[in-house]
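Here the protein sequences come in this chain order: A and B. The numbering of the first sequence is the working numbering, which starts it at 94 and goes up by one. The numbering of the second sequence is the working numbering, which starts it at 3 and goes up by one.
One or more hints might be untrue.
[To be verified] Pairs of lysine to aspartate or glutamate, EDC-like flavour, derived with a Cα cap of 20 Å:
id	chain 1	residue 1	chain 2	residue 2
1	B	Lys81	A	Asp492
2	B	Lys77	A	Asp467
3	B	Lys116	B	Glu166
4	A	Lys475	B	Asp98
5	B	Lys81	A	Asp467
6	B	Lys466	B	Asp418
7	B	Lys77	A	Asp332
8	B	Lys460	B	Glu410
9	B	Lys116	B	Glu12
10	B	Lys405	B	Glu423
11	B	Lys256	B	Asp229
12	A	Lys571	A	Glu373
13	A	Lys472	B	Asp98
14	B	Lys405	B	Asp381
15	B	Lys116	B	Asp253
16	B	Lys226	B	Glu196
17	A	Lys360	A	Asp492
18	A	Lys345	A	Asp314
Please keep in mind that the hints were generated in silico from the structure rather than gathered at the bench.
Here is how the chains run, residue by residue.
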Amino acid sequence: MTGTLYRLTAHELCDAYKSGKTTPSQAVSSCLDRINAVDSKLKAFVDVWKDYAVDQAQASDDRWAKGAPKGPLDGVPIGLKDVLCTKQGFTTCCSKILRGYRSPFDATVVERLLNAGAIPVGKLNMDEFAMGSSTENSSVQVTRNPWNLRCVPGGSSGGSAAAVAADECAITLGSDTGGSIRQPAACCGCVGLKPTYGRVSRYGLVAFASSLDQIGPFTKDAHDMALVMNVISGRDPHDATSADVPVPDYTKALRADVSDLTVGLPKEYFTDALGQEMREKIEAAVKVFEKSGAKVIEVSLPHTDYAVAVYYIVCTAEASANLARFDGVRYGYRAPNAVSVEDMYHRSKSEGYGPEVQRRIMLGTYVLSSGYYDAYYLKAQKARALIRRDFTNAFQKCDVILTPTAPTPAFEIGAKTADPLEMYLSDIYTISVNLAGIPGLSIPCGLTASKLPAGLQILGKPFGEETLLRAAYTYEQKRGFTLGQPPIS
Amino acid sequence: MEYEVVVGMEVHVEIDTKSKVFCACSTNFHAPPNTNVCPICLGMPGVLPVLNRGMVEATVAVGLALNCTISRWSKMDRKNYFYPDLAKNYQISQYDLPLCHDGWMEINLDGTTKRIGITRAHMEEDTARNVHTIGVAESGVDFNRCGVPLLEIVTEPDIRSAQEAFEYLTRLKQLLQYLNVSDCNMEEGSLRAEANISIRPVGTEKFGVKTEVKNVASFSGVQKAIDYEIVRQRQVLEEGGTVVQETRGWDAAKGVTFSQRSKESAHDYRYFPEPDLVPVIVDEAWEKRIRESLPELPRARKQRFQDSYSLKPYDAGVLTASKAMADYFEAVVTAGAQPKPAANWIMVELQALLTEHKQELEDCKVTSASLAAMIGLIDDGTISGKIAKDVLIEMFDSGRDPKAIVTEKGLVQISDTAELEQIARDVLAANAGPVADFKAGKEKAFGFLVGQMMKATKGKGNPKIVNDILRNALSRV
Chain A
94 MTGTLYRLTA HELCDAYKSG KTTPSQAVSS CLDRINAVDS KLKAFVDVWK
144 DYAVDQAQAS DDRWAKGAPK GPLDGVPIGL KDVLCTKQGF TTCCSKILRG
194 YRSPFDATVV ERLLNAGAIP VGKLNMDEFA MGSSTENSSV QVTRNPWNLR
244 CVPGGSSGGS AAAVAADECA ITLGSDTGGS IRQPAACCGC VGLKPTYGRV
294 SRYGLVAFAS SLDQIGPFTK DAHDMALVMN VISGRDPHDA TSADVPVPDY
344 TKALRADVSD LTVGLPKEYF TDALGQEMRE KIEAAVKVFE KSGAKVIEVS
394 LPHTDYAVAV YYIVCTAEAS ANLARFDGVR YGYRAPNAVS VEDMYHRSKS
444 EGYGPEVQRR IMLGTYVLSS GYYDAYYLKA QKARALIRRD FTNAFQKCDV
494 ILTPTAPTPA FEIGAKTADP LEMYLSDIYT ISVNLAGIPG LSIPCGLTAS
544 KLPAGLQILG KPFGEETLLR AAYTYEQKRG FTLGQPPIS
Chain B
3 MEYEVVVGME VHVEIDTKSK VFCACSTNFH APPNTNVCPI CLGMPGVLPV
53 LNRGMVEATV AVGLALNCTI SRWSKMDRKN YFYPDLAKNY QISQYDLPLC
103 HDGWMEINLD GTTKRIGITR AHMEEDTARN VHTIGVAESG VDFNRCGVPL
153 LEIVTEPDIR SAQEAFEYLT RLKQLLQYLN VSDCNMEEGS LRAEANISIR
203 PVGTEKFGVK TEVKNVASFS GVQKAIDYEI VRQRQVLEEG GTVVQETRGW
253 DAAKGVTFSQ RSKESAHDYR YFPEPDLVPV IVDEAWEKRI RESLPELPRA
303 RKQRFQDSYS LKPYDAGVLT ASKAMADYFE AVVTAGAQPK PAANWIMVEL
353 QALLTEHKQE LEDCKVTSAS LAAMIGLIDD GTISGKIAKD VLIEMFDSGR
403 DPKAIVTEKG LVQISDTAEL EQIARDVLAA NAGPVADFKA GKEKAFGFLV
453 GQMMKATKGK GNPKIVNDIL RNALSRV
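With the rest of the complex left out, here is chain B (with noise of 0.2 Å):
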């Protein structure tokens, strides 16, 4: 039989406000343990939480990105279970009435756009970190990252197949980026996904019984999970089997999912509204206010780089894919460059250095501006492309100008005719095979008459007037 996959994801990403969601604790990932608390985020007796408007406004802007309606009226509940690293042993939440509600993405996938429905986007804290230490019987509990607020965001079970998780979580976590909500570190887990996974007969419309893989530490991580659960599940079925609705692990190592928690012994969270916070009202000003406050999301400018800069549809997407490439591209179009040369330094010679280097942008040292000076020296005609691809390097790896780096290495360019004219004329002289081969007929040889005279200028001859230059000579053989 033949089966379909139904997927629902949910996201949860810790917003970058600069204090924690109930109290003023910084939200900081790097300090020290359990310095970033507070009374209130340890859940000491007496103590009241009061939540952090700029939450509100990043889930708001959140929101809207994903095209939901905003809940004009909506409220926090408290979400109860007993864990160490729960201060007050309940977590609040949203329950019933999420800020955000009724949204869609538009994912793309060989060539077809398909919308992925939003179910909901709501506010909640983020939980500590416990600490487990090999040979050590206790263990410890990081309260740093107690009440760092979280936004978690539910799919529609829209998607059917492990590229489309893939795609979907790319494109979400480029429009946090964009919105500059989130830095959406997976490893250091301000980004987590989980994937509700079920199978159903091709055809069919009644889901199947969904699993529950969580604790995946990176999207293609997620991607494999959700291939490998199809597999699973389809040999269970097949094998007269049921599938058993559950929370399952992620082994990265093995490349297999694992039983760790049945519904039989789920939670009964018993949520109820949280009496010691007010309800959150967003009005349309308020509403508006977020909306028109907006950056430009990856889609509006991904048009406007094919628009402004003339760029393929497909360069204007890879550029716009994340943000800082993006800001990065328009800064060295900014700092003098053409956006055509630009575009592909970029994409091709330094992202290949980044990618060889395993670095991010933020940290390249190839700043905006070096790259539109290096681009500068090759349509000024003072090195070559060729050469440029060496001085690229060279600025990769040291952050140095590209005009030192040229002077200093002797890189700049040949285009002096008459040195130019007299090492042809020795070069046709030292190798008259080639000269009687060119002259009848064989063009390959000019080929290798260019080969030797850039071999007698070191790379540095102008290619397009040793071309001329040689032409010119042969003729007058």
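If we strip away everything but chain A, and leave its shape as in the complex, we get (with noise of 0.2 Å):
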């Protein structure tokens, strides 16, 4: 029966443990086979771990078979995005700068999903340092859509919602600094959540705008999200910015009843810029959360004008200092015959990082410089602190806020990539909410008429994670149709 085994959630799989039906080594083979035999066309993973994950498999067997299972992961397969530090494999971000480098240590995210037992099989590919939104700018390999292979998977992490997606393992972790978990899930249909910032470590995520980084998870449902969440979340003495907020059990949000939740409806995310169809979804999904005995508001969120200009500001702007240290004097690559110290920096940097990554160190660099500072990074701090106010203000009316993940499904590999602007407007919906620090989530809502999905983005207060699980679940349960299989299959 290993045949199909991998379509299977975390909670079936765990089910299907328990009760002997099937074992950790049948997922994790069925896993690699399915990876095998996709995987080529996919280009999810840029590193598979076979071996490890074969005997990390047959340890689980043996924690089932005496009945005391290390986790509630495990022997669920997992795979992790390349911009997560693994002692096991290499951690390169994509990036030729970090070509061959292996981390000392395991991020503790990392750690955690292993002490629950669950199983990595392999790293994922992303855009370069989770720097774009179709995992275009990646420096290994072009990630496709498993719903259309001419199409991207969305990004940064485009590699972890093709992956889950495609049935290539239960679970995946990615990255979300502006959108790059939402957007992925929404494009690849699955569910991927950006929880609060300092819900979740940050230790081991190679940083790329350490402000609004978050980790979070893709899986196949709502169930699987609050299981992953039970284990990743909670403080970390690692994580100066880590909160040391209680953990709860996410699962018991598990209940499909929304009728005691206000839903609002930004009026500002429902213009234009958004095409029929996605609307269409959207207005479906809503009516939804409506006939389950939701109250449907409209809210308003005056400064969704600026975000994608502050985004783009702040996030340059940390960027410039945090990609620093790649410099070819410690690790990763050293441009050869370099003349001077100067001259290495210039070199390795210029040859080690792809076009978009120096596009984003050059702009964040500016808006740091002496003398255009206050004109940029500090108004854009400023215009922040009104985009959060927005959210806190709409919070007070609602519960949850519910809007398209993204303005179009997925589009085709390199109708893009030409125009950067056009390609950061695919973060419009996502972006805010990076900059408020609130938790986002994608749920699919259907697919289109070219049969690609469409995502759901419901927002919540900040450690409102329970709520959001609580909107998906029902929304899940609800909805009256499941995405079925991709065309991969």
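Taking the hints as your guide, dock the two standalone chains into a single complex.
Printed below as a string of structure tokens:
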């Protein structure tokens, strides 16, 4: 029965392990077979840890056989975005500058997943240093959308989204700085969550923009999302920005009931920028909430228009410092034949980074420069505070906010690579959420006429992940359809 | 034209916390290269800093001792520049909101007291050390120092002479040592001083163009560098030139400053708030706890030495100049010595030996207990003060117990009157001339006869008894 085990969710797998219907070894080899079968087309994985995963699965078999699983995800095959530090294999952020780099430590989330028994099967493709919305900026390969191989999977966590959507593993982790989990989740038709800033430790996440970055999971359903959040959430002494806020049992939030919730629809999100087809999908999803007893109101996020500009100032400024360390001195790519230290820096960075990364480093350096700081960085910080306040105000009137995750479904490979601004607009509905630090979840809300998934974004109050999960779970139960299998099968 | 110099000081001091400022690595200076390192201080991908609470407390303690206002809310910032000794290519420091600001410290010069304004004291991390070996094409980087907590203390431009600068540095070092936050070892680089120097015509308000003198290895070097800059800048101005704003180094061997970097090539550090760290919040209760746990500071201790031990202000000042010496003095007193002789022996004889042997008090073999015992031997008449000086030298060299030295070398003072009377008779008999001189009123001859007595006793005669017996014997001649 290893044939289609790869299709199961994590909670289905654990039930099957418990009842003895299958074993972690069978599930892991089913996933490895699946990777073997589809990944040459999909190109989600940049590194597959076959032998490691098989060994870990055997150890997990023994634990289940003894009736003593290590934790709530024992034996569940998972995948990790290549931006997460792992002792196993390489950690390259899909950049030439870190090709062959091995991390001496596991990220806190990886450590927690390993302690829960999860079995990483490999590392997943991404836009270089998580900068991009299509995964086309990877220095390794271009990941395809499992629903249409000519389309992008979204980004930057495109590999993580595609791998779950194509059933290469049950769960993956990604990172989200301006939409890098939610937008690819929407493009590929899986559930993706960007937790509240501080909910999940960033220790071991190679930083892009520290005040915006947050690690989060991709899953096949809301139930698995709750399981993973139970494992990875919580204060970490290695991350000063991780919050000392108690972690509830998120599985308790899985109730199909939204009758006590008020749903807000921000009027600024439903403009002409949103295509007619996407608008209809979202409106249909809102109806599901309404029918389930939720009260629907209009809310306003008046500073929405500034979000993209503010985001590209804040994230590039932080990135320009965060990426300074890749200089060829201690690790990573060092250009040969440099004639001086300065020349070594210049050449290593020019040869080691792709164009988008270089563009953002230059932009970030510029906005922090003496004479420009006040006009750009400082003003952006002030506007960021206004954007944050917009959400605080809106959440006084509602419990969750529903929006589209992305303005369009997945686009064709190459369609936006020539126009960075056009590419940046893929994230107009997700960016404000990172600026505000609030949690956001994307859940599939149907297929477009061209058979591409659409995503519904559910936003919540800070540390309101339980409410998000309840809303997502309810929608899953009540929406009355499933996406089905992507045609890559 | 008459000029006056205007100086502001910037001092960097490494704080003696057990672990580095953002990771758990040891701050031990003497470890082999690149052994006190971890992914965090090496700036590996994915790491995050966590601020050492001990560093915050040490900084607040220094701030309080410098009469600063402690910020209830401050933050860390990133200072961006590229250099191989900087693992992340940015230094975590404090920019516009330092933890401590607007304080002052008093200095004393020629009997007058002056306040030097403290602009700010802020937390940052030290860099690694680049190691260049002559004849080797590659340079090494030792990251042991990278991430060692560093406190930067900046003064207002209140200093008006090289001597004032020297006095400020001396007082600051004294204070930091009293606070037990740093060993302030300039040779090992745990204290580094930079001077911002400009001159202006006496009576004018406007500051002249300043130069910044860096990399000076001693306080006296700073003093000399300032004096040199005064002369150099005045010469530039008198020749009709303008002083160039620049960083200058100090060549101690040649006794000159030299141009290192001009303002035009100065860095744009692109400071911005460090997003990996949360704001530093020191509430009133925490500040109060730190204030209450402050040790006794130099001024208070000097006053107490005057009050409790009846020491003269000058002596109390000398003894409290360093915490080590003040602690030593109090230990000698606690071990039973009278304060005044204890003070004298430490300040004069012991200090002379330390200076002669270029030794620090911390390394001295004469323990406080043995010095107290030696003073005790003088008090009970076992040895004379003169003999004691020789005993102290022996103690200094060998670290042995004074009683053992006295016994072994037979240095016990002769106080036996019968024995001394016999010697007096012999001396008078053998020196009829001087005796006659004395009788004729020549007091000088008495000194000669005392000398003969001491010679006969090999210096061991109790001076007071020798005097008495000799006068007595002479009166009977």
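Here is how each hint holds up against the structure:
1. Lys81(B) to Asp492(A): Not satisfied, since the Cα-Cα distance of roughly 41 Å exceeds 20 Å.
2. Lys77(B) to Asp467(A): Given pair Lys77(B), Asp467(A) holds - Cα atoms ~18 Å apart, limit 20 Å.
3. Lys116(B) to Glu166(B): Status holds; Cα separation ~9 Å.
4. Lys475(A) to Asp98(B): holds (17 Å)
5. Lys81(B) to Asp467(A): Cα-Cα ~16 Å, so holds.
6. Lys466(B) to Asp418(B): holds (12 Å)
7. Lys77(B) to Asp332(A): Holds. Lys77(B) to Asp332(A) sits at ~16 Å (cutoff 20 Å).
8. Lys460(B) to Glu410(B): holds (15 Å)
9. Lys116(B) to Glu12(B): holds (18 Å)
10. Lys405(B) to Glu423(B): violated (27 Å)
11. Lys256(B) to Asp229(B): holds (14 Å)
12. Lys571(A) to Glu373(A): holds (17 Å)
13. Lys472(A) to Asp98(B): holds (17 Å)
14. Lys405(B) to Asp381(B): Answer holds: Lys405(B) to Asp381(B) is near 13 Å, not above 20 Å.
15. Lys116(B) to Asp253(B): Given pair Lys116(B), Asp253(B) is violated - Cα atoms ~30 Å apart, limit 20 Å.
16. Lys226(B) to Glu196(B): Roughly 13 Å separates the two Cα atoms, so the pair holds.
17. Lys360(A) to Asp492(A): holds (16 Å)
18. Lys345(A) to Asp314(A): holds (15 Å)
Of the numbered hints listed earlier, those contradicted by the structure are 1, 10 and 15.
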